[in-house]
Amino acid sequence: MHGKGSLSIWFFIGTLLTAYGVLILGAGLYELASPPPFPAVLANLHASIWWGAVLLILGLIYFIRFYPKRK
Amino acid sequence: MLLPFALFLQAAPEKLLSLHPVDLVIIALYFAMVLGIGFYLKRYTKTGEDFFLAGRDMTAWVAGLSFVAANLGSLELMGWAGSAYQYGILATHWYWIGAIPAMLFLGLVMMPFYYISKTHSVPGYLKLRFGEPARAVSAVSFALMTVLMSGINMYSMALVLKIILGWDISLSIWISSLTVAAYVFLGGLLSAIFNEVLQFFLIWLGALVISILGLIEAGGWSGMVRRIHANFPDQDYTHLWRGLGDFTANPMGIHWTGIVLGLGFVISFGYWTTDFLVVQRVLAARDLRSAKMAPIIGSAFKMAVPFIVILPGLLALAVLPEKLVGESVAGSGAHTYNEVLPLMLARYCGPGLLGLGITALIAGFMSGMAGNVSAFATVWTYDIYRALIRKTASDLHYVAMGRWCTVIGVLISIGTAYLVMQFLSIMDYVQALFATFIAPLFGTVILGMLWKRATPAGGFWGLLVGTGGSLAMWIWLRIDPAALNYIALSPHAKPMAEDMYRALWSWILCVMVTIVVSLLTKPKAHEELAGLVYGATEVPSEGHLPLYQRPVFWAGVVGLLFVVLNLIFW
Chain A
13 MHGKGSLSIW
23 FFIGTLLTAY
33 GVLILGAGLY
43 ELASPPPFPA
53 VLANLHASIW
63 WGAVLLILGL
73 IYFIRFYPKR
83 K
Chain B
79 MLLPFALFLQ
89 AAPEKLLSLH
99 PVDLVIIALY
109 FAMVLGIGFY
119 LKRYTKTGED
129 FFLAGRDMTA
139 WVAGLSFVAA
149 NLGSLELMGW
159 AGSAYQYGIL
169 ATHWYWIGAI
179 PAMLFLGLVM
189 MPFYYISKTH
199 SVPGYLKLRF
209 GEPARAVSAV
219 SFALMTVLMS
229 GINMYSMALV
239 LKIILGWDIS
249 LSIWISSLTV
259 AAYVFLGGLL
269 SAIFNEVLQF
279 FLIWLGALVI
289 SILGLIEAGG
299 WSGMVRRIHA
309 NFPDQDYTHL
319 WRGLGDFTAN
329 PMGIHWTGIV
339 LGLGFVISFG
349 YWTTDFLVVQ
359 RVLAARDLRS
369 AKMAPIIGSA
379 FKMAVPFIVI
389 LPGLLALAVL
399 PEKLVGESVA
409 GSGAHTYNEV
419 LPLMLARYCG
429 PGLLGLGITA
439 LIAGFMSGMA
449 GNVSAFATVW
459 TYDIYRALIR
469 KTASDLHYVA
479 MGRWCTVIGV
489 LISIGTAYLV
499 MQFLSIMDYV
509 QALFATFIAP
519 LFGTVILGML
529 WKRATPAGGF
539 WGLLVGTGGS
549 LAMWIWLRID
559 PAALNYIALS
569 PHAKPMAEDM
579 YRALWSWILC
589 VMVTIVVSLL
599 TKPKAHEELA
609 GLVYGATEVP
619 SEGHLPLYQR
629 PVFWAGVVGL
639 LFVVLNLIFW
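Top to bottom, those sequences are chains A and B. First residue of the first sequence: 13, per my numbering; consecutive thereafter. First residue of the second sequence: 79, per my numbering; consecutive thereafter.
The hints are simulated quantities; they were obtained by calculation from the structure and are not laboratory data. Ideal Cβ placement from N, Cα and C applies to all residues, glycine included. One thing to keep in mind: the hints can contain errors.
[As the list claims (entries may be wrong)] Label-pair distances were calculated between CB atoms; the ranges are:
id	chain 1	residue 1	chain 2	residue 2	range
1	B	Gln313	A	Asn56	29 to 35 Å
2	B	His475	A	Leu44	55 to 61 Å
3	A	Arg77	B	Gly637	27 to 33 Å
4	B	Ser248	A	Arg77	38 to 44 Å
5	B	Asp246	A	Pro80	35 to 41 Å
6	A	Pro80	B	Val103	23 to 29 Å
7	A	Leu44	B	Tyr496	44 to 50 Å
8	A	Pro51	B	Thr125	51 to 57 Å
9	B	Asn644	A	Leu44	38 to 44 Å
10	A	Arg77	B	Gln313	44 to 50 Å
11	B	Leu549	A	Leu44	58 to 64 Å
Whenever a hint applies, use it, and build me the whole structure from the sequences.
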């Protein structure tokens, strides 16, 4: 899975998904604290929170599993 | 497919969405990451094998995901979501029967010949099998079509960003294309493949949330079907095959023979087995088993794509309060079919998720464009420059040519993008030319691989006459629209149906000419065909592998799932 480099493609994916998870989860929590005047449909489900959490967990799994020092 | 999209772009309504700072950070992070990958991989792309074939070191998973991602452009995402709203579940045929059998065939039957022959490209295989003239015809045509398609995709992306977000067209074109040029210039195919795998994840994660939320709102699949029937009682939008017995009994105006023979056989097999844009990803696999497994893995993911592309279109039929309209009446202020995906994105996604969705669209465009650019660089350098212009030079020289050719290819594409801006209707023409060009090419390649008696003269003349024939039919239809009755077998056939039948006829023409000319000319000696043709090539046995490691086993699993899905949605 490492192709030719010492860093795996999955490590890059893990890094980006972790960052996205933090940002989207944060945006969801902010929305929860101060709801927008015109919320999206099904805003009561707080999709940003759970989808952000999914990205964060997925990203961390890839990040930790393919972190270069752990090879 | 592209003409409605072109009209949609021309209609250019006011911007649909507004981004928040967190969305912009998400998009900026994406650009930083793809460029970072390019800079990181530059040190690993020193030889021609590294730059043009990613060192032939990709695992089956990486090659397989890249194989399917190179095809998953945003033009395709938005266009097919719009088609699903317009034609219903029929659009799924382009993902299932229009892809899966061909991808499995590529993995099991054709990959051994591509891989064992050690060719670097599809035109390169034609050179080994049929000689220089056949390679020249396919290389020049492919290079031309590739930069043209790349420019059209680029322009479409810039216009979509303008329509959805109000961004400046030129700025979008230059930033996105120079980003692609930079990472392909730096890391070649290796960089393109790494980024395509990343883009594949982003496309899925950005689009899947729409389907999940849509199904929740509609009350699951059965709730969605009920709502569609209530909203559109006169149309059958939810059955794959039931309405295909008659041209007039389905919204696409197509007969099942067109779907099975034109799409499922000629166009699908032509695209997935001979279009170098996708085949190049599989040639980068590290061994023959990986090369055979890559299209099979890709086919499993391809089969799932309707759940993020077609499903949002169907959900829109169920939940959107307004009715979307065709592009020809887009000026009335109503939203058009092709706006389905952005509309559904705006419906469900707040700050953050919106940025992820837009990043998915940008990632789709960039993966498609990187695919075009890296394939163009390889075909230009190896099949045109080295074959016709400078035959003896160092490997370093060809790598340098490949790098600069990437930049030049992107600049030509930008020029094409501005040309398209002036003459938007050529999008449809180029798509038609592209679709029909690969049909005869498939005829030539498949006969070359499976029939030892096919001769160099047969291959060359079959390809030339087949391509010329498809162009002649296209011109005939423009001069005399009544020709539709002969070419597509029905005056009711829509443009998509017309493409299916034209591809079928041009393939038959190519095969017939190849067979007749081959029988009249001298065949190649048996030993010259080793590694190129079935019956003259020793394909390594996989009998010693456990069942779960054999490509044929997984192809069987995917094939079975393909049949079951078609029966479920019959």
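Status of the hints after comparison with the structure:
{"no.": "1", "hint": "Gln313/B with Asn56/A: 29 to 35 Å", "verdict": "holds, 32 Å"}
{"no.": "2", "hint": "His475/B with Leu44/A: 55 to 61 Å", "verdict": "holds, 59 Å"}
{"no.": "3", "hint": "Arg77/A with Gly637/B: 27 to 33 Å", "verdict": "holds, 32 Å"}
{"no.": "4", "hint": "Ser248/B with Arg77/A: 38 to 44 Å", "verdict": "holds, 42 Å"}
{"no.": "5", "hint": "Asp246/B with Pro80/A: 35 to 41 Å", "verdict": "holds, 40 Å"}
{"no.": "6", "hint": "Pro80/A with Val103/B: 23 to 29 Å", "verdict": "holds, 26 Å"}
{"no.": "7", "hint": "Leu44/A with Tyr496/B: 44 to 50 Å", "verdict": "holds, 46 Å"}
{"no.": "8", "hint": "Pro51/A with Thr125/B: 51 to 57 Å", "verdict": "holds, 55 Å"}
{"no.": "9", "hint": "Asn644/B with Leu44/A: 38 to 44 Å", "verdict": "holds, 43 Å"}
{"no.": "10", "hint": "Arg77/A with Gln313/B: 44 to 50 Å", "verdict": "holds, 48 Å"}
{"no.": "11", "hint": "Leu549/B with Leu44/A: 58 to 64 Å", "verdict": "holds, 59 Å"}
Checked against the numbered hints above, the structure breaks none of them.
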